[in-house]
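> Just so you know, the protein sequences line up as chains A and B, in that order.
Counted from 1, the first sequence has number 6 at position 6 by the working numbering; the numbering is strictly sequential.
Counted from 1, the second sequence has number 6 at position 6 by the working numbering; the numbering is strictly sequential.
Each statement offered as a hint is correct.
Ranges between beta-carbon positions, derived for each pair:
(1) A:93 with B:1: 34 to 40 Å
(2) A:51 with B:24: 38 to 44 Å
(3) A:39 with B:18: 19 to 25 Å
(4) B:80 with A:6: 55 to 61 Å
(5) B:63 with A:93: 23 to 29 Å
(6) B:57 with A:15: 49 to 55 Å
(7) B:46 with A:51: 31 to 37 Å
If you're looking for bench data, these hints aren't it; they were derived computationally from the structure.
Glycine is no exception: its CB is placed at the ideal position from the N, C-alpha and C atoms.
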Amino acid sequence: MDAREIMRRLLRELTQRSVWQAASASERQAAAAAQRATALLHTHLTEGEWAQLTRRGSLEVASPSTPGRRYSIPRAGGIVTVYQGGRPVMQLCVGPAQPLPADDVVLLHLLLIRGDESAYLATANRFPLR
Amino acid sequence: MATLRALTSAGDRHITWDPAAVAAGDVEATAAVREAERLFAAVRAQGGTAFTLGPSQTTTRIEHFDRSAEQVVLVPHIVGG
Numbered sequence: 001m002d003a004r005e006i007m008r009r010l011l012r013e014l015t016q017r018s019v020w021q022a023a024s025a026s027e028r029q030a031a032a033a034a035q036r037a038t039a040l041l042h043t044h045l046t047e048g049e050w051a052q053l054t055r056r057g058s059l060e061v062a063s064p065s066t067p068g069r070r071y072s073i074p075r076a077g078g079i080v081t082v083y084q085g086g087r088p089v090m091q092l093c094v095g096p097a098q099p100l101p102a103d104d105v106v107l108l109h110l111l112l113i114r115g116d117e118s119a120y121l122a123t124a125n126r127f128p129l130r
Numbered sequence: 001m002a003t004l005r006a007l008t009s010a011g012d013r014h015i016t017w018d019p020a021a022v023a024a025g026d027v028e029a030t031a032a033v034r035e036a037e038r039l040f041a042a043v044r045a046q047g048g049t050a051f052t053l054g055p056s057q058t059t060t061r062i063e064h065f066d067r068s069a070e071q072v073v074l075v076p077h078i079v080g081g
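Could you build all of it, start to finish, from the sequences and the hints given here?
Below is the structure:
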């Protein structure tokens, strides 16, 4: 094996190692962000709400404007279901324009519903249920 | 202590400052609140929404940075899917 071949192999190995290390660092950052999101969401929920989220995989939020209306936010992401008087009446497709950790997305829905429900509904694509 | 949090794709970013220290002219506290103001303006310029959080889960949308608020949360721009 000549010196050029040794250099070529060495370069290839270093490249592969740095790609692996970068991927590994990225996964660690994502895991850390997800942990912080979970901790942050927990601080914004009552114990009952937290128990509901962890047990059912969704969070129910009462409408601040319409009596009997509730929003069901899935922790795994996806469609938000609107209930009126306990009956599902509408599905909403709305989310952040940039990717966020899953529990930060739940917090985003929660804050928008409680703090700016009309803009939240105006932005969402709405699918009435019959 | 007052806190501003911004939800980002890398997880939440937060800045904390002591309003009393800001009022007293403390250099570090003033730098922190200025950084919070910059972050607030940057997220709002990208279409994000800001809320103050109060007791009993009170959530209020705000248009302008409030350095006296105990907790401010910035969420990114949302879109219909």
